[in-house]
Amino acid sequence: MVANGVENGVANGAMAGVASSSQPVAGRMIYGRSPKALLNAVFREERFFLILSVFIGIFSGLAVVCFRFAIGWSRLYLLGTGAVLSPTRLLLAPTLTGLVIAALVIHVFPLARGSGVNQTKAALYIYNGFIPFRTAIGKFITAAMAIGSGQSLGPEDPSLQIGACIASVLGRQMRLSRDRMRLIAPVGAAAGLAAAFNAPISAVLFVIEEVIGRWTAGILGSVVLSAVSSVVVMRLFLGSESLFRIPAVQLERPSELIAYAILGIVGGLASAVFSVGITTLRPKFKALPLWTQYLQPALAGLLIGIIAWLGAPQVMGAGYEAMDEAMHGRFTWQFLAMLAGLKIVATLFSFVSGTPGGMFAPTLFIGAMLGAAVGGAEHVVLPHLSGSPGTYALVGMGVLFAGFLRAPMTSVFMVLEVSGNYSIILPVIVANTIAYVISRGLRPIAIFDMLTRQDGLELPSMEELREEGVLHVEDAMRAVDIPVVDAQQTVAEALQIVQASSAEEFLVRLSPSGWNSVTKQQLRTLVDEGKGGTSLGSQLPIRQIPFLHPDLPLETALRYVDRWPLVPVVSRANVRQLEGVISERDVLERYREFGES
Amino acid sequence: MVAEHENKTGVEGQFDLRLYVKQQPVMLALLALVGVIFFLGVAGLSRGYHAQREALGDRWFSRGVADLNAQRYDGAVADFRSALLYSRDNYDYQLNLAEALIGRGRTAEAYSYLVNLWERQPENGLVNLELARIAAQRGQRDQAQRYYHNAIYAVWPGDQEAQRRETRFELIEYLLRINAQAPAQAELMALQENLGEDPAQQKRAGALFLRAQDYEHALAAYRISLRTNRHDEAALAGAGWAAFQLGRYAVAEHYLQTAMALNPNDTDSEERLKTTQLVLRMDPFRRQIPVNERDKIVVEAFATAGTRLSSCATPKAAAASASSQPSLADSWAKLKPQISEQQLRRNPDLVEQAMELVFEIERQTSATCGAPTGEDLALLLISKLHEGN
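Read top to bottom, the protein sequences are chains H and V.
Under numbering that gives the first Met the number 0, the letters of the first sequence match residues 0 to 596, in that order.
Under numbering that gives the first Met the number 0, the letters of the second sequence match residues 0 to 388, in that order.
Quick caveat, the hints were computed from the structure, so don't treat them as lab data.
Ideal placement from N, C-alpha and C gives every residue a C-beta, glycine not left out.
Treat the hints with caution; some may be incorrect.
Stated by the list, open to error - Here chain V is said to cover these stretches of chain H; the calculated rule only asks that three of the stretch's residues, wherever they fall, bring their Cβ under 8 Å from a Cβ of chain V: (1) 64-75; (2) 326-339; (3) 522-528.
Unchecked claim - Some residues of chain H that are not near chain V, with every Cβ distance over 12 Å (derived): (4) Val53; (5) His106; (6) Arg174; (7) Ser254; (8) Ala376; (9) Gly389; (10) Ser501; (11) Leu539.
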């Protein structure tokens, strides 16, 4: 948006000449008869990148489908085929698989640790889009084993990383430029996440919100194409049903939103607790002697097995079946609250032990259980509330997503997409916003940023970027303190007007539009040459000076103030109306003040 | 791209721009080929994966059905949940799980599943029926009726008409349970139109009509039923009871006698028959009765009423009779000397007078001293029979 604004801003000024001069070249490329030129036009990198995005989507979709199959088989062979699991398997499967995973992660796939979101961000900002293919293989195998054996982790973040990795490999094979290579990981990430969630809009939003951090037309097209194509592939093999289905929500009274607001408060607090747990325990586990890392996933698995054996097998794995059951009112609100607490514990240990797997699904699980518990408790106190357990569970998912993962926009659309139910939008917006604000207040640094810093990396914080103050031209411009002359006036008249001013450079308002500048010395020379009676406009160089608008980012001004000592700042409604002027010194002075503040 | 690549070539100076551009279509073609191979591979994998899951789902489902049929609801719930692991959206799995949950008494959970199923197939008869049952259990009468009606007009597997009929029977039972007689009668009328000559169904409808206190239709239903099977003792007893309630004691006697002949152990019918016969015998106003017999009946009835009156002389009854001017006991005592066969033959107006007092005594004592039995009951019924005459 900024870039467009900049281009629009200068289109009326000097840059317009540059743009118009490039137009004929483009025309020849597209409409020229030469096949070579046509080929060049078709395979311009940005178009090629779009085509490649579709392939990335297809390949990522296929990979995610395989990943889902792998998790399914892993669950089947490790935990058994029934919903009721035998105690032996409950205890042994996650423990023994944990040992194997630890060995694989330590010796074969060291980059497969963690969720995968930060690794994708690192590929974008540090490694120029490079992610080794081995990482995808490692993530695929270890995460499938972990989730299938019951570790409290989800398949979404690994899918995101697998998608990013596939994109990186394809980009390298296609020898893309460095700029494109940097962007290719998020494109694959969106594809992987979209396929994992069956939610293309949420995936695109998450990647924009959490990985890239900015909206640009160039990358948006590729991200959307890859996400859509991966979802199409995934639906072909796994069906197009929404992840969850709940009845339509009817808010009988607006006051019922208060009930959801309470859920937002509880969710915000739970998010903070979950976040504190992970960021506190993770460095402590990492600091333990190396040999303990062989045992950490196994011990986490054993802990989860014990929790399951004691009566809460719902905490095992991604937990989508349990979420579905919670939405269908299977559990009492007390049990739901307990499940939320146990899942926080189970996920904490699974994640900090270094077991590969994602946090999206556990976050949704905790949110769903918490939501249904709060909804159930509220129903006890206020039986007239119209929301079903499913409604509260679904809103709870969004609440944790907003509060813990700190992706507020994604959280809203994710709930709508995974349920296919748009009637829930009001409660979701209310609860998510409250949870986000509370979590932000209690934990100023988002979980992904915290994890990055713990790993010793300095990746940009998208949350900070979103909230960073932006300086505009109006913050640095100064009032017009010099005479302004019109191009229709004679040179002599102009000299007379500027004579009294101490300034040397003056602005000339052109007719019908545009601006130019002239110095006192130039006017004197023209008068001396006997051109005092001619119009000032006829004596000025053809090339105009650029102008700016007050609302443009200040960095836009930097492009011009070094070449023109004085740049006019004009109204958008009337470009002949001068709002102020800006010089290089004004800009630098403002930046200095901003930096000091 | 050209400019960028020129720049790149300038920096790296290793590959030719034209060659690079020419390679891209080839690379895309290769990519497409790899994509097709990958796709086919995943398709094969997918077939195997889904086939395995389908088989597992079916296996658990079969176990669940067996458990459900054997009323092992806990096992059935676990089995159906296992089946749903492999086919989350399978309609039959969910429906059976809901039924198992209902069997287990977990109606809230079942209701949630059923509502989802209803949203997917609002015309499904079984889902509507289960939802109606839950609503009935929860005392949500309007919802229950709505779901029952949905079920009556819904799509059913197998014999659709029979299922719809059964559902309407169930709705009527429900309405009678909650004492909603009028809607129950309306449903019964609608039901009877579709029953045809089926004796069993007509007999069932007759019983429900009896419970709905629609004796005319009950008698009609039993008569239709008896057309096919004249010796159906339950239908005969029902018809007898309906005729009894309608005051058609001669008809009732016929049916009840036949029923008793077929089943002498039917104590209800025996009791009703006795009362019927008493009514028939003790009614002095019945047609073609000889005068001397009529007078004899009046004398007996007067004596019976007197006995009833004296046996009902509780403080409450005394207070009740004290308030009436003059009291029944006084009236009875005053009339008593005149009630003899000779006096009645001499003064036939006394018959009316005596019987009016008898009826009044029976009515008042039944209100104050509880339901009468035997001859008193017969006299009360005769009084109702001649009410308004």
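Against the structure, the hints:
For the segment 64-75 of chain H, the assignment as covered by chain V holds, since 6 residues bring a beta-carbon within under 8 Å of that chain's beta-carbons and 3 suffice. Closer than 8 Å: that is the beta-carbon criterion, and the segment 326-339 of chain H has 4 residues meeting it against chain V, so the requirement of 3 holds. Given as covered by chain V, the segment 522-528 of chain H fails the check, having 0 residues with a CB less than 8 Å from a CB of that chain where 3 are the minimum. Not every beta carbon of chain V lies more than 12 Å from that of Val53/H, the smallest distance being close to 10 Å; the non-interface claim is violated.
The claim that His106/H lies off the interface holds: its Cβ sits roughly 28 Å from the closest Cβ of chain V, which is beyond the 12 Å cut-off. Non-interface call for Arg174/H relative to chain V: violated, since the shortest CB-CB distance, roughly 7 Å, does not exceed 12 Å. Every CB of chain V is more than 12 Å from the CB of Ser254/H (nearest about 24 Å), matching its label as outside the interface. The beta carbon of Ala376/H sits about 15 Å from the closest Cβ of chain V, which is more than 12 Å, so the claim that it is off the interface holds.
Remark: the non-interface label on Gly389/H conflicts with the geometry, its nearest Cβ contact in chain V lying 7 Å away (cut-off 12 Å). Here Ser501/H stays apart from chain V, with its beta-carbon at least about 46 Å from theirs, past the 12 Å limit. Separation of Leu539/H from chain V is adequate, the least Cβ-Cβ distance of about 33 Å exceeding the 12 Å criterion.
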